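Peer 1: With the hints as constraints, model all of the structure from the sequences given.
The residues making up each chain are set out below.
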Amino acid sequence: MSALTLQSVPRVASGFRLQFEPAQECHVLLYPEGMVKLNQAAGEIMTRCDGKRSVAEVVTELEKAFSTTGLEADVIGFMNVAKEQLWLSWE
Amino acid sequence: MNAIPNLPTPARPGPPLWLLAELTYRCPLHCVFCYNPVDFARHEDEISTEDWIRVLQQGRALGAVQLGLSGGEPLLRDDLEVIVAEARRLGFYSNLLTSGIGLTEERAVALKAAGLDHVQLSFQDSTREMNDFLSHTKTFSLKNKVGKIIKDQGWPMVMNVVIHRLNIDHIDRIIRMAHEMGAEYLELANTQYYSWAFVNRSQLLPTHAQLKRAEQVTEEWRAKLGDAMKIYFVAPDYHEGKAKKCVNGWGSMFMTIAPDGFALPCHTARLLPGLTFPNVKEANLRDIWFDSDGFNRYRGTGWMKEPCSSCAHKEEDLGGCRCQAYMLAHDAEATDPVCRLSPLHHTVQAAVAEAATVKAQEHPLVFRDPANSRRLSP
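Chains as they are written, first to last, in this note's numbering: chain A, 6 to 96; chain B, 142 to 519.
Don't read these hints as lab results, they were simulated from the structure. Because the structure is a prediction, the values reported are computed rather than measured. Using N, Cα and C, we set each Cβ at its ideal position, and we do this for glycine too. Incorrect hints may have been included.
[What the hints assert, rightly or not] Partial list, computed: chain A residues near chain B (C-beta under 8 angstroms): (1) SER19; (2) GLY20; (3) ARG22; (4) GLN24; (5) GLU26; (6) GLN29; (7) VAL33; (8) LEU35; (9) PRO37; (10) GLU38; (11) MET40; (12) ALA70.
[What the hints assert, rightly or not] Which chain B residues stay away from chain A? Per the calculated CB distances, all over 12 angstroms, these: (13) HIS171; (14) ARG201; (15) ASP310; (16) SER433; (17) SER518.
Peer 2: Shown next, in the form of structure tokens:
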């Protein structure tokens, strides 16, 4: 897996499942015998990591959805952390 | 710390995030450390497929999200695929905890299609099979075959090996084998001394020296393998002098349904005297979780006695395990004697010290089978 660029297309790594849990009012990431509760920002990013959208597209969408700019560094920072945790993968 | 002792228990616990479905106590194996109750042969009834479907629906509505499908050997239930499919439909992450016996390619394909998320393959190297295992004969080839079947389905493979005195010195070989089989995770689970493992405790407790060596070997492998395989070394509470927050707190996030439908805060809770637990055939999971006497009995810290009730660590470990307190102190409300602050901690230290002696070899191993079950629990 190469370093993340704006053209990378991240996806939730195999063996993990992302879903919204009404009982916990948040997105969770499920994996063998475990679960990570995601905060809202992490949930918004992870749900867009579908193996189709590029990092640039994820950033644009989030900036639009939250009527803001300058999210690129935060999104890339989070994705790199998520990769270390094995939550995300990309080519 | 703890200026206000005996804070009231939170009125409403969170959801039972972890639902463990013990589908059957039937098992082709006879492991000497089995965690099924010693009297399992007295509980032969099994609830129906419809009962399990209802349990899953009620559990999911309560907020349960992780589902363990366990036993006994869960593959002995021929409705496993139906149960898995319903779990998937409801949004559970399903974990099959199996010995691998009965996991044919055909069955694996069907379980994958039904939506099974993950398989945890365990090694049962009791002494009868230990030779097999170490000499790479029957058991080893079966596990290898099953390991390949699991990988072929694209499931993440978690390998679980229960560690005890009779196999702890082979830990290097165990780790190498797991790595060669392509496991993503390896759990080296030191035996917890309940049920059959308690019956066989004198034969299974490792010495301090063995444990230290095993931890060293594990560290060496971790350094070598990095992220290629995550190795969890589950420390044994007898040796640490520290009580564990058993099932993350009684009735806080874990619910077991026994094969006959009884709902339990942990899979051994039925051994505690004076407690009654509801059955899913008669009650729904919401009432069981929030309102039953069995689940409320040891929630929080209000039930504690000294030295727990004034202890600075009581929220961290919640007094340890109630079943262990009952087994070792004959009082389910006592401090878990594995804690060094327990007045009975010396009995645990004595049991560990005895592991290094000839006396520990005197008791023959008792294998988990229906005849022994009936003999030990008349």
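Peer 1: Against each hint, give a clear statement of whether it holds in the structure.
Peer 2: Results of checking the hints against the structure:
Here the hint on A/SER19 is kept, as its CB sits about 7 angstroms from the closest CB of chain B, short of 8 angstroms. A cut of 8 angstroms between beta carbons decides the hint on A/GLY20: the least distance to chain B is about 4 angstroms, and the hint holds. At a threshold of 8 angstroms, the smallest CB-CB gap from A/ARG22 to chain B is about 6 angstroms, leaving the interface hint in force. A least Cβ separation of about 6 angstroms between A/GLN24 and chain B falls short of the 8 angstroms threshold, and the interface hint therefore holds.
Because the beta carbon of A/GLU26 sits about 6 angstroms from the nearest beta carbon in chain B, less than 8 angstroms, this interface hint is met. Look at A/GLN29: its Cβ gets to within about 7 angstroms of chain B, closer than 8 angstroms, so that hint holds up. At about 7 angstroms, the closest approach between the beta carbon of A/VAL33 and any beta carbon in chain B falls short of 8 angstroms, and the interface hint on this residue holds. The restraint placing A/LEU35 at the interface with chain B holds, with a minimum CB-CB distance near 4 angstroms, inside the 8 angstroms limit.
The restraint placing A/PRO37 at the interface with chain B holds, with a minimum CB-CB distance near 4 angstroms, inside the 8 angstroms limit. The closest approach between the C-beta of A/GLU38 and any C-beta of chain B is roughly 6 angstroms, which is under the 8 angstroms cut-off, so the hint is satisfied. With a least beta-carbon distance of about 6 angstroms to chain B, the hint placing A/MET40 at the interface is held under the 8 angstroms criterion. A hinted interface residue such as A/ALA70 counts as satisfied when its beta carbon comes closer than 8 angstroms to some beta carbon of chain B; here the least separation is about 25 angstroms, so the hint is violated.
Listed as outside the interface, B/HIS171 is consistent with that label: its C-beta sits roughly 25 angstroms from the nearest C-beta of chain A, beyond the 12 angstroms cut-off. Separation of B/ARG201 from chain A is inadequate, the least Cβ-Cβ distance of about 9 angstroms not exceeding the 12 angstroms criterion. The Cβ of B/ASP310 lies farther than 12 angstroms from every Cβ of chain A, with a closest approach of about 27 angstroms, so its non-interface assignment holds. Every CB of chain A is more than 12 angstroms from the CB of B/SER433 (nearest about 19 angstroms), matching its label as outside the interface.
Chain A leaves B/SER518 outside its interface by the beta-carbon criterion, the shortest separation being 30 angstroms against a cut-off of 12 angstroms.
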